[in-house]
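There are 2 protein chains.
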Amino acid sequence: MTEGEFIEALRRLPLHPGACGLADDAAWLDAHERLVLTKDLIVEGVHYLATDPPDDVAWKLVAVNLSDLAAKGATPVGLMLGYPLGGDAWDHAFLAGLEAALRAFDVPLLGGDTVHAAAGPRTLSLTAIGSGDTARRRSAARLGDALWVTGTIGDAGAGLAIARGAPGRDALLARYRRPVPRLEEGAALAAVADAMMDVSDGLLIDAARMAAASRLACTIDLGAVPLSDALREYAGDGRSARMAAVTAGDDYELLAALPPDDIPPVPATRIGILTAGSGLTLMHDGEAVPLPPRLGFEHGG
Amino acid sequence: MTEGEFIEALRRLPLHPGACGLADDAAWLDAHERLVLTKDLIVEGVHYLATDPPDDVAWKLVAVNLSDLAAKGATPVGLMLGYPLGGDAWDHAFLAGLEAALRAFDVPLLGGDTVHAAAGPRTLSLTAIGSGDTARRRSAARLGDALWVTGTIGDAGAGLAIARGAPGRDALLARYRRPVPRLEEGAALAAVADAMMDVSDGLLIDAARMAAASRLACTIDLGAVPLSDALREYAGDGRSARMAAVTAGDDYELLAALPPDDIPPVPATRIGILTAGSGLTLMHDGEAVPLPPRLGFEHGG
Chain S
1 MTEGEFIEAL
11 RRLPLHPGAC
21 GLADDAAWLD
31 AHERLVLTKD
41 LIVEGVHYLA
51 TDPPDDVAWK
61 LVAVNLSDLA
71 AKGATPVGLM
81 LGYPLGGDAW
91 DHAFLAGLEA
101 ALRAFDVPLL
111 GGDTVHAAAG
121 PRTLSLTAIG
131 SGDTARRRSA
141 ARLGDALWVT
151 GTIGDAGAGL
161 AIARGAPGRD
171 ALLARYRRPV
181 PRLEEGAALA
191 AVADAMMDVS
201 DGLLIDAARM
211 AAASRLACTI
221 DLGAVPLSDA
231 LREYAGDGRS
241 ARMAAVTAGD
251 DYELLAALPP
261 DDIPPVPATR
271 IGILTAGSGL
281 TLMHDGEAVP
291 LPPRLGFEHG
301 G
Chain C
1 MTEGEFIEAL
11 RRLPLHPGAC
21 GLADDAAWLD
31 AHERLVLTKD
41 LIVEGVHYLA
51 TDPPDDVAWK
61 LVAVNLSDLA
71 AKGATPVGLM
81 LGYPLGGDAW
91 DHAFLAGLEA
101 ALRAFDVPLL
111 GGDTVHAAAG
121 PRTLSLTAIG
131 SGDTARRRSA
141 ARLGDALWVT
151 GTIGDAGAGL
161 AIARGAPGRD
171 ALLARYRRPV
181 PRLEEGAALA
191 AVADAMMDVS
201 DGLLIDAARM
211 AAASRLACTI
221 DLGAVPLSDA
231 LREYAGDGRS
241 ARMAAVTAGD
251 DYELLAALPP
261 DDIPPVPATR
271 IGILTAGSGL
281 TLMHDGEAVP
291 LPPRLGFEHG
301 G
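Residue numbers (the UniProt record's numbering), protein chains in the order written: chain S, 1 to 301; chain C, 1 to 301.
I should point out that these hints are in silico values taken from the structure, not numbers from a laboratory. We put the CB at the ideal spot given by N, CA and C, even for glycine. Be aware that one or more of the hints could be misleading.
Which chain C residues stay away from chain S? Per the calculated CB distances, all over 10 Å, these [unchecked claim]: (1) R12; (2) D25; (3) L37; (4) L41; (5) T51; (6) A93; (7) F105; (8) G111; (9) D113; (10) R142; (11) G168; (12) D198; (13) A235; (14) R239; (15) P260; (16) P290.
Simulated coverage check for chain C against chain S, where a stretch passes if three residues somewhere in it have a Cβ under 8 Å from a Cβ of chain S [stated by the list, open to error]: (17) 61 to 75; (18) 219 to 231.
Hey, can you work out the whole structure from these sequences and the hints?
Have a look at this one:
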């Protein structure tokens with residue numbers, strides 16, 4: 001598609017009033033509250049596979065950004081898309097997935113930029129704007145807080161293996177290709193959590209980051225980490241399966257630190273505790289187990 | 001550099017308080033007015049040359065986004081950077097250019113994302129947020145308005161040729177590599193202009209876009225288009241030189257439509273008029289001249 005055709009197609013998607021019909025170089029936003037801004041890029045071959053369907057890539061681009069808003073308890077206001085034109089079939093499929101995500105998460109396009117792509121792997125960019133930042137920072141966890149996580153962990157990691165050709169169930173593949181940001185859960189947890197973040201690079205590395213930002217140590221009970229039935233069926237429930245789950249990325253669940261006696265207002269599982277000191281301790285069946293060489297996914301490391 | 005090293009280096013640049021020291025996935029902004037948001041990507045081999053120095057690429061990324069804010073008369077509030085790590089030397093030079101631009105235009109970093117780049121040409125992304133959108137849209141030009149442009153046109157086009165190896169003066173090369181967004185001029189013009197936009201893809205194509213968005217025709221006097229002494233020395237002052245100037249991109253001057261008897265509050269040159277109808281007419285020495293086959297730069301066309 002040409003830039004003009006692509007923008008014309010974008011105009012048929014849900015648009016924010018401040019997008020001015022995408023007829024201008026800038027959008028406006030009348031803001032009378034605290035806004036939350038986040039920006040996540042996804043790169044072909046790094047954050048998604050070249051073989052992933054373009055509609056799923058669009059969905060993921062939206063979902064990973066909204067997941068950062070969810071972790072702040074914010075409500076999505078609008079999205080700024082940075083899109084390199086990728087050929088007619090790719091562009092059309094991308095638009096279909098983008099529309100599906102905008103409608104599923106009830107967020108309009110606010111603006112963006114469409115460029116003629118250079119050869120080579122695609123880099124897609126999105127900036128998400130939300131309102132009502134009620135959550136504390138990830139650095140605000142307190143000594144003695146319990147660590148809770150929503151949903152189940154490791155499904156997307158298994159889904160990635162399936163996307164790469166391993167046999168496995170569609171439900172796991174869908175968790176990798178079509179993650180769902182925990183917007184409602186985030187809004188509810190933000191009111192009670194001392195600290196919150198989304199689990200994007202792996203449960204262990206993200207928990208370690210929250211603890212480090214809060215100048216605390218963290219102990220996680222590997223056996224308490226919630227696994228889905230689909231994942232147990234796929235990988236079993238042994239230590240190595242659990243270790244794979246907690247070091248895989250793309251879960252987009254929420255990790256929240258709550259005062260020790262608090263019960264979260266949404267379904268979640270207690271998986272650990274924040275203690276004095278620094279570093280991460282992993283327990284399983286009552287004994288400390290060695291940390292894996294790699295706690296999760298780190299860019300450029 | 002690793003992602004951690006790059007973010008540590010970013011922390012030494014001017015940061016917005018809402019950036020929270022870049023320790024979180026999201027930034028906050030307490031907004032109590034109209035915000036302007038814009039997002040421009042630049043792609044290696046499309047918007048800049050692979051041989052352009054990385055510090056100039058960083059400067060250009062900031063400048064082209066701030067130019068869109070300037071066209072809305074907005075004051076920069078903060079920037080969200082999307083950066084693919086590019087190797088130590090490139091990353092360090094990029095950071096130096098980024099710092100120079102942030103300081104020159106007095107705008108802090110608000111957040112962003114750093115990713116491990118795939119092989120191939122770089123795509124760099126920036127979202128700029130400004131406050132005080134006082135300008136009318138580009139579609140608000142009125143019948144009989146005069147078209148004015150700030151600065152001089154065509155210098156960056158010559159600078160691009162010089163960057164590609166043609167002999168020529170550093171002043172022209174600098175206009176290509178280190179454009180300066182017209183922030184002060186934009187704020188002053190926004191108070192009086194019926195419509196305004198920046199000249200990024202070429203004077204003719206951008207003027208035609210303003211006219212089309214406003215459902216008007218546009219006549220431009222080629223002889224009135226302001227050329228710098230450096231460009232005259234480089235390319236002469238004939239029709240073909242002027243035609244090259246008005247179809248070259250990267251000027252980042254402001255194009256404003258003002259009521260016919262108004263004089264702009266900043267230095268600018270009157271280059272044309274908006275009339276009834278549609279389309280673009282080009283005049284030179286009192287006669288209509290054929291339009292060039294290409295009015296400017298269009299992506300994916």
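Checked hints:
The Cβ of R12 (chain C) lies farther than 10 Å from every Cβ of chain S, with a closest approach of about 18 Å, so its non-interface assignment holds. Under the 10 Å C-beta cut-off, the non-interface status given to D25 (chain C) relative to chain S is violated; the minimum distance is some 4 Å. Separation of L37 (chain C) from chain S is inadequate, the least Cβ-Cβ distance of about 5 Å not exceeding the 10 Å criterion. Its beta-carbon lying about 5 Å from the closest one in chain S, L41 (chain C) breaks the requirement of being farther than 10 Å from that chain.
Distance check on T51 (chain C): its Cβ is at least 14 Å (rounded) from any Cβ of chain S, clearing the 10 Å threshold; non-interface status holds. Every beta carbon of chain S lies more than 10 Å from that of A93 (chain C), the smallest distance being close to 16 Å; the non-interface claim holds. The Cβ of F105 (chain C) lies farther than 10 Å from every Cβ of chain S, with a closest approach of about 16 Å, so its non-interface assignment holds. With a least CB separation of 6 Å from chain S, G111 (chain C) falls inside the 10 Å interface cut-off, contrary to its annotation.
Not every C-beta of chain S lies more than 10 Å from that of D113 (chain C), the closest at about 5 Å, which undercuts listing it as non-interface. R142 (chain C), annotated as away from the interface, keeps every beta carbon of chain S farther than 10 Å; the closest lies near 17 Å. With a closest Cβ-Cβ approach of about 26 Å to chain S, G168 (chain C) is found to remain outside the 10 Å limit, as its non-interface label requires. Under the 10 Å C-beta cut-off, the non-interface status given to D198 (chain C) relative to chain S is violated; the minimum distance is some 7 Å.
Consistency note on A235 (chain C): stated as away from chain S, and its beta-carbon is indeed over 10 Å from all of that chain's, at 26 Å minimum. Every C-beta of chain S lies more than 10 Å from that of R239 (chain C), the closest at about 29 Å, which supports listing it as non-interface. For P260 (chain C), the non-interface assignment is confirmed: its Cβ lies about 24 Å from the closest Cβ of chain S, beyond the 10 Å cut-off. The non-interface label for P290 (chain C) is consistent with chain S: the shortest C-beta to C-beta separation is roughly 23 Å, beyond 10 Å.
Chain S is given as covering the stretch 61 to 75 of chain C, and this holds because 5 residues of the stretch bring a CB closer than 8 Å to a CB of that chain, at least three being needed. Counting residues of the stretch 219 to 231 of chain C whose CB falls under 8 Å from any CB of chain S gives 0; the rule of at least 3 is not met.
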